[in-house]
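Hey, can you work out the whole structure from these sequences and the hints?
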Amino acid sequence: MNELPPEARRNESVTHSWIEVCALEDIIPNTGVCALVGKRQIAVVRVGEGEELYAVSNFDPFSKAFVISRGIVGDKGGVPKIASPIYKQNFDLRTGQCLDDPEVRLPVYAVRVRDGRVEVLAPSQAGAQAS
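The sequence shown begins at 446 in the working numbering and counts up one residue at a time.
Rather than coming from a laboratory, the hints here were simulated on the basis of the structure. Predicted, not measured: the structure shown is a model, and the values here were computed from it. Treat the hints with care, since some could be wrong.
Unchecked claim - Derived lysine to aspartate or glutamate pairs resembling EDC-like cross-links, with alpha carbons at most 16 Å apart:
hint : residue 1 : residue 2
1    : K533      : D520
2    : K521      : D546
3    : K533      : D545
4    : K484      : E497
5    : K521      : D545
6    : K521      : D537
Quick look at the structure:
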């Protein structure tokens with residue numbers, strides 16, 4: 446998943462940089478890990494044994510807790526998903542859309558594997574200093 450997020454394509458004042466978060470082997474298949482990317486907690490989720498990765502916000506809008514990375518990874522009708530560990534709402538890992546409430550969506554982030562290392566594409570405001 447190397448594509449820029451939709452907001453990056455619409456906003457020229459946003460710059461992006463790939464941030465290394467961990468080794469692919471650090472993520473057990475069908476689980477997630479939490480990474481602090483800038484000031485954002487991002488859940489990086491590995492689906493299956495390969496390099497299928499997704500990155501979504503770690504913030505659960507239903508429980509108001511940063512717990513999505515601890516959710517249950519699975520499949521719902523062919524859609525890779527993660528269920529919140531608190532109230533069990535399901536989120537499409539590709540889009541962040543809540544599968545149980547169409548009004549709710551998690552932010553999604555581009556993620557890739559380079560040389561066995563997982564990287565997340567982190568937007569930052571142009572001209573802002575990296576922290």
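So, going through the hints one by one against the coordinates:
no. : hint        : in the structure
1   : K533 / D520 : holds, 14 Å
2   : K521 / D546 : holds, 14 Å
3   : K533 / D545 : holds, 9 Å
4   : K484 / E497 : violated, 25 Å
5   : K521 / D545 : holds, 11 Å
6   : K521 / D537 : holds, 9 Å
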